[in-house]
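Required output: the full structure, derived from the provided sequences and hints.
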Amino acid sequence: MTNLSSKLRQSTAAAVLALSATVFAGNAFAKDLTITVWAGGSNDSDVYRLDAIEMAADLLTREWEIRGEDLNITVEKKRDFAGWSEFKQAVTLAAEAGTAPNIVVTSHLDIAPWSQAGLIVPVEDYVDLDAWPLNNIYDNLMEITTYNGVVYGLPQDAESRPFFFWKDTMKKLGYSDEEIAALPAKVEAGEYTLQNVLEDAKKAVDMELVEKGYGFYPRVSNGPDYAQFYQSFGGELMDKESGKLILDKQAMTDFYQFFVDAVEAGVTRKNHIGTEWDQWYSEVASGKAAIWHGGTWHYARYTTKEGLDDFFGNIEFSLIPAGNENGRANTITHPLAYLLTAQEDEEAVEITAQLLKIASEPRINTLHAIKSAHLGIAKEQSNIELYANDRWAAEATKRLLPHANAQPNNPNYGQFSEIMFKGLETAWTGTKSPAEAVAEVEAEMQAVLGDDLIVR
Amino acid sequence: MRRAHLLGLGFMAPALLIVCLFFLAPVIMTAVFSFTNMSSGTGISGGAYEVTEKTVRRLPEHGFPEAKAEMLAQDVYRIDPAGLTALGAGYGKALADEVGKSLSGKTFNGRRDLERALKKMKARPRSIREIKVAADLFKRSVLNTRYETEDAFVAAITDLDLKLDTSERALLSKVAYTGWTWTTENYELIATLPSTLRAAANTLTYVGFTLAFNVGFGLFLALATFYLPGAQAATFRAIWILPRILPPVIYIMMWKWLTWDTGFISSFLSNFDVTPRNWMLHSDINAWVSIVLINGFVGASLGMILFSSALRAIPSSMLYASEVDGASRLQQIWYIILPQLRWPILFTTAYQTLSLLTSFDYIYLSTDGGPGSSTEVWALYTFHTALNNYGGALQYGLGAALALVLVVIGIAASLVYLRLFNFDKLVAKPRIEQ
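If you read the protein sequences in the order shown, they are chains X and B. Residue 1 is where the first sequence starts when you use the UniProt record's numbering, and the numbers rise one by one after that. Residue 1 is where the second sequence starts when you use the UniProt record's numbering, and the numbers rise one by one after that.
Simulated from the structure, these hints should not be mistaken for lab results. A portion of the hints provided could be inaccurate.
List time: in silico PhoX-like cross-link candidates among lysine-lysine, alpha-carbon distance up to 25 angstroms [as the list claims (entries may be wrong)]:
hint : chain 1 : residue 1 : chain 2 : residue 2
1    : X       : K305      : X       : K288
2    : X       : K240      : B       : K54
3    : X       : K244      : B       : K54
4    : X       : K212      : B       : K256
5    : B       : K106      : B       : K132
6    : B       : K68       : B       : K54
7    : X       : K240      : X       : K212
8    : X       : K305      : X       : K77
9    : X       : K172      : X       : K212
10   : B       : K68       : X       : K240
11   : B       : K256      : X       : K305
12   : B       : K68       : X       : K244
13   : X       : K288      : B       : K256
14   : B       : K106      : B       : K120
15   : B       : K132      : X       : K31
16   : X       : K31       : X       : K77
17   : X       : K305      : X       : K167
18   : X       : K398      : X       : K167
19   : X       : K244      : B       : K174
Computed from a prediction, not measured in an experiment: that's the story for all the values here.
Structural data, given as structure tokens:
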């Protein structure tokens, strides 16, 4: 099998070489390249994840032209994947079949497994991290795209995942304008906790300000958001010393219990998971829910597609509140990264890396940041008018990012988070009690993660 | 005789080829995969040898001397004569001389520092990539270098002069290997994981109820339409065949419209003061009823066609004769029709058991195993494990083992159906033949 495929590859390579030799016999410096970029979890407002590569290709071609060399880059863009699962499946299987795209825009969490499997190559082998524009990228973001001390990817955007309050409902619950404005600070100080969230949400339902099940309206599918609630109750994801993942049974039980309590109090629907995203967005953007949580990029969706004209007049946002005295108010940032896949043609990888470098220019990245309501990656972006004049970017950066942490780069984290979410689902839907669900989570994690897990 | 054999073989060849390509080969590959720990982290095509921070942390846990592990953790670049010679050969004597003059004997911790030093050289290569490649000529450690073969790795380790004994070297190779290895762990996991046990129970529920519905309702439809006048019967059959011919995605979408909080059932029931809810996902029971009905209507229409055609094969004289003898409809069905339908029923039962065991498409599209994995059947669990989950942690090895279990159960079930199905007990002997 290997022999056959390597022969096939050799013969294809020979054919391509022969072809390029005949086409470019007249021009020794001509280089024709097709660069494929696949982006996961990207909708209409995220087009600059792909378009930035096209802009970079245009710039690089001009640079080569000035040097007297002829470079033609065709960028093939793809982002119409059904969801993250389908995207990751597509990338992994394409890479195994030897047809991986040149660039993938994906979660930083993929760095650990994909680097171990040799699907991606370190970007630090191709670009100068000491030079512009990479030396301007925030250090903590670069750390998130680093695994085992090697910089594998370049941060593509930053974000964070806040709690949202519908102001009108809060006012009817008895909060004054000043009290609502002070909420984010109270959340940060740990004075307004998830227990208060439950109380307020219940009041909103009891006073019929919102329908039953709309007091607290969480994310409808698995995602980094749920690790935030684990942290709210004192859970830690990774042991810094040993790099192992941590299952804190008490924190996990409390975290599950919170959602069970929410269902019992009638503020969250029992069958909430699996709600259609379109329905969810239109409901939260129209005040149908009292309190909910989401991501900084939701701002773009609420204010464009969902037609919410006055975001700041209607919505207050804060960190995810602490759950109890063990935990803290927190938020998770889950930056996407540009990753270089392993390719046979070394020169193509080098040129691709140049494209990533240029696409990280503050001005180009700002287009993405503002259009999609993500946060910037580089310090200089605050000196770019488009970014500096955007109220959302400025306030969200200030209020959320200093408290943000990322999920750990560990090859087994995907399984960890999958098991954690399944456990949550069984407790939430009433299939099991929180304690039983945690016991099952423990058994599954110990069997699957083995000595990469610490149980507390 | 021989020629006839050959001719027979010739006619069979395409079928044999298809069986080998599309059944045997996948089963064999699945069996092989199931004895590995292949995942998206190990890759399929094979691994490499790499010492990383993680390897260094893991080594002492396996009994590797800590001091030696720490030496492996160092990322050393040394400007020595060997490196300078290589630099001269690759990038010209001028650069080698310049580096030798200013940096000779120096040691750098990590490539980035050396890169910075090289960037100050007048004769440096103009591309950053080449500076990095040049810097790598001075690397005197193995940290974060990927070696494609064990020989290359062992050679590199030997160059480090760590004074490892044979067992330590073997241990190092084992821990540093990034690819998949042979293991029987998958089967142990299947036997112990709570989620596989649940998937098995779910599969039993799913196959049992859906099969009963498929065969029972298919039979009912066939019999009911059999006694209707021709045109009406054809109309009803055409309506009941719809679930089968609709594309699955559209069929499921219609079910979702029917069962959503804002869907038909909820809107209708709100007239009677029933609080709207999602009739597909509200509880385990709701989900199971939906799953059985969704799959059941599809399967029932197939049963209906098969049973209807079998019914037509029953000589009408028998039915007339029974009516003359004063048999009621039920007696006709019980004593004349059912006994003659035994083979279609056996076939439908056997065929549907096997296809239900391995099918998950309608479940995937409707509940996706929810709420809380309560409708996640074995086949869907296999698909989620091996190919489709949010974190992208695809476990090909475990998935293959799960799939193989299904293949074994499928083969066993076919044998049971073929050999042990005691049909005499199911239906009485036709009176007319006695």
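For this session: Could you grab the alpha-carbon distance between K106(B) and K120(B) and see if it respects the 25 angstroms cut-off?
Result: The given pair, whose Cα atoms are some 15 angstroms apart, holds under the 25 angstroms limit.
Exercise. For the pair supplied as a hint, K106(B) and K132(B), is the alpha-carbon distance within the 25 angstroms limit?
Worked result: With Cα atoms ~17 angstroms apart, K106(B) and K132(B) stay inside 25 angstroms; holds.
Exercise. If you draw a straight line from the CA of K31(X) to the CA of K77(X), is it 25 angstroms or shorter?
Worked result: holds, 20 angstroms
Problem set entry | Distance restraint between K68(B) and K240(X), which requires alpha-carbon spacing of 25 angstroms or less | Status holds; Cα separation ~22 angstroms.
For this session: Assess, step by step, whether the Cα of K305(X) is no farther than 25 angstroms from the Cα of K77(X), and give holds or violated.
Result: holds, 23 angstroms
For this session: Sort out whether K54(B) lies within 25 angstroms of K240(X), counting only the CA atoms.
Result: Holds, at roughly 12 angstroms.
Exercise. For the pair supplied as a hint, K288(X) and K256(B), is the alpha-carbon distance within the 25 angstroms limit?
Worked result: Given that 25 angstroms is the threshold and the Cα spacing comes to 22 angstroms, the pair holds.
Exercise. Does K212(X) lie within 25 angstroms of K172(X) when you go C-alpha to C-alpha?
Worked result: holds, 17 angstroms
For this session: Decide if the proposed pair is consistent with the structure: K132(B) and K31(X), CA atoms, cutoff 25 angstroms inclusive.
Result: holds, 23 angstroms
For this session: Would you mind confirming whether the straight-line C-alpha gap from K305(X) to K288(X) stays at or under 25 angstroms?
Result: Judged against 25 angstroms, a Cα distance of about 16 angstroms means the pair holds.
For this session: For the pair we were handed, K398(X) and K167(X), check the Cα-Cα distance against 25 angstroms.
Result: Holds, at about 21 angstroms.
For this session: Would you mind confirming whether the straight-line C-alpha gap from K212(X) to K256(B) stays at or under 25 angstroms?
Result: Since the Cα atoms of K212(X) and K256(B) sit roughly 21 angstroms apart, the hinted pair holds (cutoff 25 angstroms).
Hint compliance for this structure: hint 7 is the single one not met.
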